[in-house]
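Protein chains: 2
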Amino acid sequence: MPHSSKQNIKVAVDNCIFTVKDNELYILLIQMKKKPFTNVWALPGGLLWQTETPDKAAIRILKEETNVSNVYLEQLYAFGETKRDPFGRVVSLAYFALIPPTGLRLLTLSKYADVKWWKFTDLPRLAYDHNRIALYAKQRLAWKIEYTNVAWSLLPENFTLSQLQKVYEAILGKRLDKRNFRKKVLALGLIAALGKKELLGAHRPAMLYKFKDKKAAIIKIL
Amino acid sequence: MPHSSKQNIKVAVDNCIFTVKDNELYILLIQMKKKPFTNVWALPGGLLWQTETPDKAAIRILKEETNVSNVYLEQLYAFGETKRDPFGRVVSLAYFALIPPTGLRLLTLSKYADVKWWKFTDLPRLAYDHNRIALYAKQRLAWKIEYTNVAWSLLPENFTLSQLQKVYEAILGKRLDKRNFRKKVLALGLIAALGKKELLGAHRPAMLYKFKDKKAAIIKIL
Numbered sequence: 006m007p008h009s010s011k012q013n014i015k016v017a018v019d020n021c022i023f024t025v026k027d028n029e030l031y032i033l034l035i036q037m038k039k040k041p042f043t044n045v046w047a048l049p050g051g052l053l054w055q056t057e058t059p060d061k062a063a064i065r066i067l068k069e070e071t072n073v074s075n076v077y078l079e080q081l082y083a084f085g086e087t088k089r090d091p092f093g094r095v096v097s098l099a100y101f102a103l104i105p106p107t108g109l110r111l112l113t114l115s116k117y118a119d120v121k122w123w124k125f126t127d128l129p130r131l132a133y134d135h136n137r138i139a140l141y142a143k144q145r146l147a148w149k150i151e152y153t154n155v156a157w158s159l160l161p162e163n164f165t166l167s168q169l170q171k172v173y174e175a176i177l178g179k180r181l182d183k184r185n186f187r188k189k190v191l192a193l194g195l196i197a198a199l200g201k202k203e204l205l206g207a208h209r210p211a212m213l214y215k216f217k218d219k220k221a222a223i224i225k226i227l
Numbered sequence: 006m007p008h009s010s011k012q013n014i015k016v017a018v019d020n021c022i023f024t025v026k027d028n029e030l031y032i033l034l035i036q037m038k039k040k041p042f043t044n045v046w047a048l049p050g051g052l053l054w055q056t057e058t059p060d061k062a063a064i065r066i067l068k069e070e071t072n073v074s075n076v077y078l079e080q081l082y083a084f085g086e087t088k089r090d091p092f093g094r095v096v097s098l099a100y101f102a103l104i105p106p107t108g109l110r111l112l113t114l115s116k117y118a119d120v121k122w123w124k125f126t127d128l129p130r131l132a133y134d135h136n137r138i139a140l141y142a143k144q145r146l147a148w149k150i151e152y153t154n155v156a157w158s159l160l161p162e163n164f165t166l167s168q169l170q171k172v173y174e175a176i177l178g179k180r181l182d183k184r185n186f187r188k189k190v191l192a193l194g195l196i197a198a199l200g201k202k203e204l205l206g207a208h209r210p211a212m213l214y215k216f217k218d219k220k221a222a223i224i225k226i227l
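Here the protein sequences line up with chains Z and E, keeping their order.
Sequential numbering of the first sequence, starting at 6, is according to our numbering.
Sequential numbering of the second sequence, starting at 6, is according to our numbering.
Among the hints, a few may not be true.
SDA-like, lysine to any residue: derived pairs with alpha carbons at most 25 Å apart [to be verified]:
1) E:Lys149 to Z:Lys202
2) Z:Lys88 to E:Trp148
3) Z:Lys11 to E:Thr126
4) Z:Lys68 to E:Tyr82
5) Z:Lys15 to E:Asp218
6) Z:Lys61 to E:Lys39
7) E:Lys39 to Z:Gly194
8) Z:Lys217 to E:Lys39
9) Z:Lys61 to E:Thr87
10) Z:Lys143 to E:Asp90
11) E:Lys61 to Z:Lys61
12) E:Lys149 to Z:Lys15
13) Z:Lys149 to E:Thr87
14) Z:Lys15 to E:Lys26
Far from chain Z, some chain E residues (derived; all Cβ distances over 12 Å) [what the hints assert, rightly or not]:
15) Lys11
16) Val16
17) Ala17
18) Pro105
Simulated from the structure, these hints should not be mistaken for lab results.
Yeah, the Cβ is synthetic: ideal placement off N, Cα and C, and Gly gets one too.
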């Protein structure tokens, strides 16, 4: 393998951190300082430390920006186009995380100019190939909510079917038929009725539900 | 990020190449020469060339060992445990491929001692963390055939429902109820009856089917 010894590639981790608030899907972006990306928005990320696994790096970056841990976090894809970084070849291991709406921190002020939740439908032009990564993460998320329980990270412990439907609509970017949604989501067997109803609200109180399991679960259809 | 400049990580691609023959799932393994893995079996792979994308590297490695191209190939996962390679830190971008049963080549004889299809249920102790990678690939494959059309790469152009069921049983490692399988697989809408029957066989000729689409397709269940 004559090429091996010449390999000079860095490995980075980039996080696509999603939340849903006010019935809209948001993604966390940081604003860069360094040229040629001064003031350009990007996904939070950085090079892997020499003694750090990719998972640990993704958790570190998530905690740096949001102070959140113990949420849904999954490796998305390795992006390895040869010219994706103007500073040299970098393979990015992209992750996606789903977190409840939360405050943001600027612990890394010296590194970034700003950090902000961006409405996914208003995504600006991002640095590197981060638009592509963010779009793929959103696509994976849209697939995943249709056959797994990943939405648990985006909802409070107990929720109504209306709240759940709004999360699905925000991610899928379309309105769903209420009866059809309820029928299908209950048939998946991922959520359980609590036997008590929400106390607030002017309307007829709605039944509360919770996820049976908060680990990753794959729905078997065969 | 004080750690960045110290990063010394190589990036490799490793392929999990599956086929189904005689109702059994097989994976392609190569036998290594170099110490400390002399005569140990492993997944075919190697370091990424400096100017090569991960996808191109996976296709190159697949073609080197099998002379097959234009089959189902998908990036599986990036494996990045810090001590997974005794020669230094290597992040492995694992791929999985599904190919029809085929001859194997030893074009890379100088590099490997042997290359062979191994029954997946008889997997030997592999080099590095390759047992873990192979098990994860098999798990992903088992998930995928339940909601996508990936099985097309493992079947001839036209096939009977019995042939399809045998591929599913080989991958899932269990017998499936015939009536239930047919009902569910037809409900997925991925295959179409050809309107003609197989000509060989002593039994009543069975209807032939084909996949409607040979691109990756995700089944929407909501």
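Each hint tested on the structure:
1. Restraint check for E:Lys149 and Z:Lys202: the C-alpha separation of about 38 Å exceeds 25 Å, so the hint is violated.
2. With a CA separation close to 33 Å, the supplied pair Z:Lys88 and E:Trp148 exceeds the 25 Å bound.
3. Between the alpha carbons of Z:Lys11 and E:Thr126 the distance comes to roughly 38 Å, so the proposed pair goes past 25 Å and is violated.
4. A C-alpha spacing of about 23 Å is found between Z:Lys68 and E:Tyr82, which places the hinted pair at or below 25 Å, so the restraint holds.
5. Using a Cα cut-off of 25 Å, the hinted pair Z:Lys15 and E:Asp218 is violated, with the two alpha carbons roughly 38 Å apart.
6. Taken as a hint, the Z:Lys61 and E:Lys39 pair is broken in the structure, with Cα atoms around 31 Å apart against an allowance of 25 Å.
7. Distance restraint check for E:Lys39 and Z:Gly194: the Cα-Cα separation of roughly 51 Å exceeds the 25 Å cut-off, and the hinted pair is therefore not satisfied.
8. As the CA atoms of Z:Lys217 and E:Lys39 are separated by approximately 49 Å, the hinted pair breaks the 25 Å bound.
9. With a C-alpha separation of about 11 Å, the suggested pairing of Z:Lys61 with E:Thr87 holds against the 25 Å cut-off.
10. Using a Cα cut-off of 25 Å, the hinted pair Z:Lys143 and E:Asp90 is violated, with the two alpha carbons roughly 33 Å apart.
11. Between E:Lys61 and Z:Lys61, the direct Cα distance comes to roughly 28 Å. Violation of the 25 Å bound is thereby established for this hinted pair.
12. For the hint pairing E:Lys149 with Z:Lys15, the CA-to-CA distance comes to about 31 Å; that exceeds 25 Å, so the pair is violated.
13. Distance check on the hinted pair: Z:Lys149 and E:Thr87 sit about 29 Å apart at the alpha-carbon level, beyond 25 Å; violated.
14. Proximity of Z:Lys15 to E:Lys26 is assessed by CA-CA distance (about 40 Å); at most 25 Å being required, the pair is judged violated.
15. In this structure E:Lys11 is not separated from chain Z by more than 12 Å, as the shortest Cβ-Cβ distance comes to only about 6 Å.
16. With a least CB separation of 5 Å from chain Z, E:Val16 falls inside the 12 Å interface cut-off, contrary to its annotation.
17. Here E:Ala17 does not stay apart from chain Z, with its beta-carbon only about 9 Å from theirs, under the 12 Å limit.
18. The Cβ of E:Pro105 sits about 22 Å from the closest Cβ of chain Z, beyond the 12 Å cut-off, so the non-interface label holds.
In summary, the structure is inconsistent with hints 1, 2, 3, 5, 6, 7, 8, 10, 11, 12, 13, 14, 15, 16, 17 from the numbered list given earlier, while agreeing with the others.
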